[in-house]
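Using the hints, position chain B against chain A.
As you go down the protein sequences, you meet chains A and B in turn. FYI, the numbering for the first sequence is 1 to 476, going by the numbering used here. FYI, the numbering for the second sequence is 1001 to 1290, going by the numbering used here.
Hints in this document: simulated from the structure, not taken from any laboratory. Bear in mind that the values here come from a model prediction, so they are computed numbers and not experimental data. Each residue gets a CB set at the ideal place from its N, CA and C atoms; glycine is no exception. Fair warning: there could be bad hints in the mix.
[Said to hold, decoys possible] EDC-like cross-link-like pairs, simulated, lysine to aspartate or glutamate; straight-line CA separation at most 16 Å: (1) B:Lys1185 <-> A:Glu55; (2) A:Lys283 <-> A:Glu269; (3) B:Lys1184 <-> A:Glu55; (4) A:Lys364 <-> B:Glu1188; (5) A:Lys147 <-> B:Glu1024; (6) A:Lys391 <-> B:Glu1188.
[Claimed, not checked] Stretch by stretch, here's where chain A covers chain B in the computed footprint (C-beta under 8 Å, at least three residues): (7) 1025-1036; (8) 1070-1080; (9) 1084-1098; (10) 1147-1154; (11) 1168-1180; (12) 1220-1226.
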Amino acid sequence: MTTAKEQRQITISPTTRIEGHGKVTILLDESGNVSDAHFHATEIRGFEQFLRGMETDRLPFIISRICGVCSTAHVIASAKAIENGYNIEITETAKKLRELLLMGQVITNNSLVFFFLILPDFYFKLEEDPSKRNIFEIMRENPELGKKALELKMFGTQILQAVGRREIHVVSVIPGGIIRPLKETERIYLIEKGKKALELAQTAVLLGKELFERRWDEFKSIAAIKSHYMGLVQNDLLNFHEGNLRIIGPRGEKVAEFHPKNCLDYIEEKRLGWTYAKFAYLKSLGWPGGIMKVGPTSRMNVISDILTPLAKMEFREFRIRFGRLVHETLLFDYARLIELLYACERAIELLEDKEIAKTDLRVKVLPKEGIGIGVVEAPRGTLVHRYVLDKAGKTKNIKLIIPTQINNTAINQSVKDAAKEFVKSGEIKPGLLNSVEMVIRAYDPCIKCAARNLTNKGFLTVEVRNKEGKITKKLS
Amino acid sequence: MVKICTVSLTCCAGCLSSFVNIGEILFNILQEVEVIYWPTFVDLKEIQHVDLAIVEGGIRTEEDEEIIREVRAKTDTLLALGICATHGGVTSLGNVFSLKKALEEEYPGVYRRATSLPKLKDMMYPIDNFVDVDIYIPGCPPMPTPIQKTLQSWLKGEKPERNTGVVCLECNRKIVAVRPGHLKKIYEEADNPEICLLSQGFICLGSLTRDGCGAPCPRVGFTCFGCRGPPDSLTYRSRDLYDFLIRVTSRRTGIDMEEVKKELYQNPFVFHAFIFSKKMERFKSMERII
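So that you can see chain B by itself, here it is in the shape it has in the complex:
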């Protein structure tokens, strides 16, 4: 029987919850595999050699690094599940200040004294900063369908199907010029459900974000936040992501580029929420992003 394990590093545990949410299909998959290590559900405490290791979360502590190196050494295939593992996730917003310093200020001496607490890294890293990753499924969390499809192809020994486009392809809104006059907050007014959110002045990152999720957020009027990371076409020119968003926003809303730029500068969280830690993908790894 195929052996799998799941490992949780620094994260919110949402990705493996999403994995459990594949429901009935999980039940069928579990008939075919043997779960060797999954602390949330299984009592075994040692990671053994497995065929597939599913890792959620990124590297924030020295202990995370030790674990991921151990896992890499003991698995044939390493699957990075979720945006924390693939790009650093929300936790990487903390990279702008020193957590160690903040700890020392709030609890003088405790950090140095406490030997039982794992030491912190200087920032949050995606796991491929330390080890090779075979399959990436970004998302916060990835929807159950891509997880399930990827697993099923892997079990059959096939290459999983990739998503290379942008979220807009899966969104049902029409891109038309609206001329809203200014950029809007989500709670400012209700959106028109037929028309592109960005055209209406809500900053939606759909045009910079990889598809495969089915666009659940923009479809109901909540702007895309970019939780799937950049698509293939934008992967290499990441430094231009910011400019790209400014240009797209300006074009669709008719607002002057300088004004859009000013507005975006004031709201740094809009843009950087999930991919702050990521160095740009090399060719090699891009082919592995589902």
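Here chain A stands alone, though its shape is the one from the complex:
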């Protein structure tokens, strides 16, 4: 027998300053306390279904349409998966150019997230008029800062333009390598821009640290979740393009380290009844013990060091300040700044190596039957493309594991924790809205990626249930 229970829910829609259209609902229990929280996207497209049967020569280019925000990561993961299936090893020059592209993506993304999405939370007081709490207002009040933000972001865009030949949905990456070499003039131009960008990145890190320090006491209590962490490591160092996948446990113990092509032996997905979203977790530990997180803090947790000098210093300071393992959700924002610095330094390093302008970019591609897996670190975490390929050079099956999908469980949990602070016995304290959004913002979830497929939705719901039926309250 079921008794008619009131279901009270709080809906926040659309969630703002997050890439993609999201929604939050908060569910309350009988006594008016938070009982659960879910995070979904509000659209479905079905990429894995309708791209079945596509010829592989232009698949990377089309599959990148999953997401215009992290398109470069998708293109490269896709090309890697096809090459893995066809058993091709691309040239060193092509690898360098691809890594440079990924650095361009990280610079564009991380500077956008920091300046455009997160900075307004720090720049303005909490009680500031919401119509003012945005980057456009900052640009008006402080044009210098606005210009710096744009200039730093533009360095990433310039890399994508020069190497990728298009700023969004790059076209230069094809199975077998890269389509055009980098010209010497472009190389010199990018180094010049890069040096300026590196200075700006240092400014951004300083600014970020200062703002962060000011509010750390308030932040550290918000939504810390202990879980497993996964990320690419190359010889124990931070790398976005190559290396092994490493998984560590909630106490810092190494759980597994393996070649990316074997990743589906370690990761499994689960469906829950209330949503189309799938939840990825560590196979050996099952559900829910094997919950994982990926992304900036996970990468900081799995590596032992960073190679480039400035980011190395910041990384060491980060470890001394917050410990060997970090669980706090809002540290995503801090770690993202370290990666921004790393990406600028690494881009310059790659560009200063004259060999990057060499012309041996393509190897011969011969289609064959098989399974191919491609893995890269996207700005938001580990991205996996897996294809079943046929002899004629087409795909028979496509499966993707997307960072936001791996973080899904943790995001829901964090939102629930954050909401608990503000909703007690049916009373909603002010600040709920922004605090819930800040937590989601920290994960930088890519709703577009999560919603690529019919199995993923991406709005956030927190429902509150009690005895008087269903009340929906919209917060804005």
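This is chain B only, laid out in the frame that chain A set:
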């Protein structure tokens, strides 16, 4: 101050990212306009009356339709940004099968039960299936330059400059007969950078695609994929697009028409990637495509 809002329907968010990529000029434009609604950057959650609404993405769910009708009612000018909004985009490749059915198969009962999930339309639609559009900027995504030029003319109250030709006009390759013998895949071999890709046997849609992008793809050896949709000259005879491509390909490569036809049939994705959803433009709307 002029008020604008941006709305994101079913899409990849790349078009508004391209908008942000106009960089310094965006900064200047923003001095002149007030952003009323832009969920990615601004905390306001209600769409209010604006002078210009920039919409990316197409209509895939009932919610998308509700939003676009609301936006149309609250704006003076509606700008459809990107191929998803103007023609349906890559997502319309999914029109060939029922997403609802696939959902029901994979998650029995969830689709019907889940009231918080928006209901799906039977397929992906461009937004002008539901509302009038004042300015179309197709492209996946449109390059920053046409976006910037269009906005600047709009701010001045002028009619934006249109692109009516084909991508080949902006491509620097020479059209000469090469006789490649067979149609090639992109990864098969490196192209000759001087000569038309189609002549070399790579299926390039440049001759069927509207210009205005600057031909960034064919210039570097990546065949045009048609992300700007058909040009004025081909707009009315869309059913002939397929035949047109077969004839052009056959003429430039010397390969028999029947063979080209067979090859193209086997690769349906080449041709339909971006404009699968589009009904043919009426005279009225053609004049509005930038």
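Results for each hint:
1. B:Lys1185 <-> A:Glu55: OK: lysine 1185 (chain B) and glutamate 55 (chain A) at ~9 Å, within 16 Å.
2. A:Lys283 <-> A:Glu269: holds, 8 Å
3. B:Lys1184 <-> A:Glu55: Given pair lysine 1184 (chain B), glutamate 55 (chain A) holds - Cα atoms ~12 Å apart, limit 16 Å.
4. A:Lys364 <-> B:Glu1188: Distance of about 7 Å is within 16 Å: holds.
5. A:Lys147 <-> B:Glu1024: holds, 7 Å
6. A:Lys391 <-> B:Glu1188: holds, 15 Å
7. 1025-1036: That given contact holds, which follows from 5 residues of the segment 1025-1036 of chain B lying within Cβ reach (below 8 Å) of chain A.
8. 1070-1080: violated (count 0)
9. 1084-1098: Held - the segment 1084-1098 of chain B has 7 residues with a Cβ nearer than 8 Å to chain A, which meets the minimum of three.
10. 1147-1154: Coverage by chain A is violated for the segment 1147-1154 of chain B (0 residues, Cβ < 8 Å).
11. 1168-1180: It is violated, with 0 qualifying residues against the three required.
12. 1220-1226: Contact hint for the segment 1220-1226 of chain B vs chain A: holds, 5 residues under 8 Å.
Of the numbered hints given earlier, the model fails hints 8, 10 and 11; all others are met.
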